[in-house]
Amino acid sequence: MPEIRVTPLGAGQDVGRSCILVSIGGKNVMLDCGMHMGFNDDRRFPDFSYITRNGRLTDFLDCVIISHFHLDHCGALPYFSEMVGYDGPIYMTHPTQAICPILLEDYRKIAVDKKGEANFFTSQMIKDCMKKVVAVHLHQTVQVDDELEIKAYYAGHVLGAAMFQIKVGSESVVYTGDYNMTPDRHLGAAWIDKCRPNLLITESTYATTIRDSKRCRERDFLKKVHEAVERGGKVLIPVFALGRAQELCILLETFWERMNLKAPIYFSTGLTEKANHYYKLFITWTNQKIRKTFVQRNMFEFKHIKAFDRAFADNPGPMVIMPGYCVQGTVGHKILSGQRKLEMEGRQVLEVKMQVEYMSFSAHADAKGIMQLVGQAEPESVLLVHGEAKKMEFLKQKIEQEFRVSCYMPANGETVTLPTSPSIPVGISLGLLKREMAQGLLPDAKKPRLLHGTLIMKDSNFRLVSSEQALKELGLAEHQLRFTCRVHLHDPRKEQETAMRVYSHLKSVLKEHCVQHLPDGSVTVESILIQAAAHSEDPGTKVLLVSWTYQDEELGSHLTSLLKKGLPQAAS
Amino acid sequence: MAAHLKKRVYEEFTKVVQQQQEEIATKKLRLTKPSKSAALHIDLCKATSPADALQYLLQFARKPVEAESVEGVVRILLEHYYKENDPSVRLKIASLLGLLSKTAGFSPDCIMDDAINILQNEKSHQVLAQLLDTLLAIGTKLPENQAIQMRLVDVACKHLTDTSHGVRNKCLQLLGNLGSLEKSVTKDGEGLAVRDVQKIIGDYFSDQDPRVRTAAIKAMLQLHERGLKLHQTIYNQACKLLSDDYEQVRSAAVQLIWVVSQLYPESIVPIPSSNEEIRLVDDAFGKICHMVSDGSWVVRVQAAKLLRKRTAHERAKELYSSGEFSSGRKWGDDAPKEEIDTGAVNLIESGACGAFVHGLEDEMYEVRIAAVEALCMLAQSSPSFAEKCLDFLVDMFNDEIEEVRLQSIHTMRKISNNITLREDQLDTVLAVLEDSSRDIREALHELLCCTNVSTKEGIHLALVELLKNLTKYPTDRDSIWKCLKFLGSRHPTLVLPLVPELLSTHPFFDTAEPDMDDPAYIAVLVLIFNAAKTCPTMPALFSDHTFRHYAYLRDSLSHLVPALRLPGRKLVSSAVSANITPHEDPSHQFLQQSLERVYSLQHLDPQGTQELLELTIRDLQRLGELQSELAGVADFSATYLRCQLLLIKALQEKLWNVAAPLYLKQSDLASAAAKQIMEETYKMEFMYSGVENKQVVIIHHMRLQAKALQLIVTARTTRGVDPLFGMCEKFLQEVDFFQRCFIADLPHLQDSFVDKLLDLMPRLMTSKPVEVVKIVQTMLRQSTFLHLPLPEQIHKASATIIEPAGESDNPLRFTSGLVVALDVDATLEHVQDPQSTVKVQVLYPDGQAQMIHPKPADFRNPGPGRHRLITQVYLSHTAWTEPCQVEVRLLLAYNSNSRIPKSPWIEGGEVSSQVETSIEGTIPFSKSVKVYIMPKPARR
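Protein chains in written order, with full-length UniProt numbering: chain A, 1 to 572; chain B, 1 to 940.
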């Protein structure tokens, strides 16, 4: 029984270090290769020894697919490919390929330079790892090998985020990575066609949330910033994820433009600045508005937003600063978590006089969005990853209820086996098809039709051809298979007369067929031969010899049963 | 021909039109008939290759064919069709057959047999499809002929099993357009069983080709459009198609579902997976809402558009509380506490909003706009829904695409009668006042004009924001003042407690007198004075200088400051409260009376008449200035009276008493009068909106009089008879034209100039020019002054050029021979169809005038009766030695023929279309603005 097996090494009932193994049609694919933010020990990377204890991973994996550039989806890649050892292809989209090394380098710097970790991957390893990457376009079908093909779909979330369809034969799996079903200021919504995969592996970060209108959020955010700036205050906006920073930049930039504001906006992370070059470049990956207007002006060419220099901090007047992510233990983190008094070095105590607001601009699909995607793709079953177990449980129920498909939520290391019944395509020769078509009406989807032909299986390739062609192709001589049958008839008359009676009887019964009486006294129905002979022992009984070839089996057996019933009494 | 015409008229006057028509028709026929089919035949015979033949056919198709020669051409084409082997040529012939059968005046039943005949022998699928198309053309041409329709339907059914999707498509289209349900057709009972067209089409809902499925749905919709009642069973079939793989199928299916839901709103359908039942219309609504989150944006736009057509949103509410989406509620309930988003729960509860939120947040702005429009439609019909959708609409003010923002502001304005803004909503709305787009700001001012505010803080906030806007964008001044005027008059009680603060008065101390020229201060005063109109206690709070400022503003900005009943002062002018109907309104009465007086004095001595007319014209003009709502009527009447005055004056000239050619100089005066009357009548006809037919008659009559005046003046001043002959001829034609156009109104013109003239028409036709002139002259002098009925609503078209302002001293420099783009921004009031009538004129100092036709997209429509022209004008000239001013102004182009009801003679011909597009003349209707430009010589 063919089956699809899925084992999450990370992100099973958890958020972080996404890494999912999929076996489909005899191919092994690894989806994402992320790190975990919460751990600093071995647990931060997926346990690759699960795949193989000894021997190179290359032998066990056909390909690795990276959905987008966030570290929890690609952070373990250099470790995996260079330190554990993998030389096979790694697939990702062009923007991911461009931005991924920037993030990896940044991550390495923090781990090695700041935290002083040893035995971590090096810059050279990142470079080597990136050399193994094969970039794909949206909706481009990439043949990994003869059987395995993958295809990327737009996923929103961040620039270059993609959902991947993995297909072997007629079996397929769709892995969503992280995605967003509501468009934002710089990205469009995830979209997939009705590809009806056997399995849809979807993230479920917001399995229980239905978000309110993004417009409210944006409006509140802008209003707060605007008010603060108008009062002459300074605004600090720490942004965690790359991509969200761009989103807020666009939001602020357009607002500044619309409202004709003059206060300067700064962002401080070099990371954002570097990534921004690529945002300017990959316009096709953005939303309708940016795509349509970039000819007049590329929206990522910010007019009001500049890079921050520490020296600006004491500048008088209003300004907006985006300092980037506030790592645990930093002053920023303390303020965000609500401390009102800060102890500085040298026992100095500072009172926090700023207002602190928290706002979510996350770009994950909410419950409604997940359901919407499931509805769009129409999978046979769904598998949830990248979320909390409790919430997954809830969504699982909902999906099973609404779509009547089975839904799984394996934990890390737990394997889900999914039996499949793949349909096997068989090629039919045109000649055979036409010949069969000529015999009857048009094909009707509702009625099965009987068709004679020969199935040739040649290295996992199925063809249906006519028997003559099959013989010719295989160089075999044709053997005739004839069935003969003797039917005893009680008839005292002469053989010729019996034959004559058989002829007239059959002629009257089988109106659709060609019944002939041959001069040698035998009767033919199509190609079936009937000969009458006297019984050697009992002259009152005549033996009818019926002989037909294998091809006429249907008619032949019909004929014998007909004859066995006996002839009608002659009227004369 | 003219002589001929004259004779005809003499014999039997009323038949002129018909006679002429015949004549023209026969003439045309003779000219064209012989060549067409023969030439085609020769061409086609000459053709050596299919490509050649195709070329000939293409050439042939470019020329029109007259109804009479169609049949001949069709025969030739068919003949070649039979001979032709190349399918592409056959295809072209088939398409030509279809085109030809559409020719007006040709009855295609004769070619149907042939068409069906060739259809049976045709092998090529493409040609088959084209032939079916031809049959469709034939069938639609003969809607009454049941037998033919039946036959065509039969043919279509036969080819429905074709393997090509194109053929099946066309068959379904044919069925949709021609198939009928009426069983009564087969009374002959010839076994021609009436096919159940719906069943047949319905079977193709499950065709393997998506294009055919789409065609089947479209055919079904076509049946519906033709008035056949669709079966309810289709609903279920259509619902299945909603989950089709192809977007065009889904898009069509959504439409079909909407149609069926309107046909059977009250039928009950079961909800799958529960034993509940709901009304079909609710179920359909749910399904359409669901499609707003479809994967394809084409479908989403379609679904959002259909939502707009819904009228009763209450159905939606029921649906959501009972049906499908209630699951969304449970999510909220099950989720951990902090996950519950109040907004989220809210939006699910508020019914249709679920679908709308999707639509409003869609990636494609097309969908968003459609959703905003849908919201608007629903909100207009239901106040409770309007309340609910307000939040979403307000949020749309922050959309990233300006078009969407603008659309949502307009929408809000349309529903503002139903809503009162909360303070926080007002806050969001007001935030948009800082938008850098002028369109947005003005739309917002417009919105604020008709917004209800609930608290005094709200009013204060609005005022503060508007003043902020004023300082940021001073050009918005007028718009803001106007906005505050309405804001004040709508909320007198809310403004009252704010007055001391706004005027910064102090109970004990006198405060400094504010600067009277400060636009912000004027803005505050406008708000207060308008509120004070219906709040008599307010003036008590004013300080002395406020009263002085009132008097000043009342005079200088009378359109913004109403008349107030102030203590210790006489009322400046009669206060008009809004609830008095126009007829009781004293100023309106005054207008009526002064006009009556003029009309009643028919036989006063000339001197007296003139004086009275002059007096009345002056009165009317002043009235128009004082009462803006009567300005249109007053102006219109005054113009008419001025025409009359000019006419009388011209007829009073001494020249009439003196021997003809001696007083050339004086005749100048009369002919100038004639010219001016003509101009004025054109203005009356085209510069006012709301002019009805009865006024048009009078205006044309006046123009005819002017023409008569012109005739007699020229007759007196020119020597020789020859030019006069042509003029008389022309004049009589004009009279004839007048009669034809206004034949229905002639009874109202008793005793008028034209009435008398028509009485004498037979005589005029045979008279010599000199005699004609004499008769016309006496008529003109005897004619009475016609009463101009006042139209209900009349407004004078006006335009103000905002930009260029004409104040700049810096010339616009550019290299001669190249162009410079000048931004023109103007507001147009009460212009009908500005896209085709408003032109920009540039006058260069050398007298060269250039007329520019702005693009239709340059016009915006910010409110009823108002338009905004924002366009670019390209200037160019040869090099000048020094900068000089060019004048820019707006013109109203007119064409008197387009207004006249089309006579059958013009109809259908190419003549009319030509006439309509041409411009007969132009009326300048804006002040001209001077622009300083300097074309420099090109540097080598």
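Possibly wrong hints are sitting among the right ones.
[Said to hold, decoys possible] Reference listing, derived: stretches of chain A covered by chain B, where coverage requires no fewer than 3 residues with Cβ under 8 Å from a Cβ of chain B:
1) 50-60
2) 210-220
3) 249-260
4) 469-483
5) 516-530
It should be emphasised that the hints constitute simulated quantities derived from the structure, not laboratory data. Model, not experiment: these values are computed from the prediction. For every residue, glycine included, the Cβ atom is placed at its ideal position computed from N, Cα and C.
Run the structure past the numbered hints and jot down the numbers of the failing ones, going up. 1, 4 and 5
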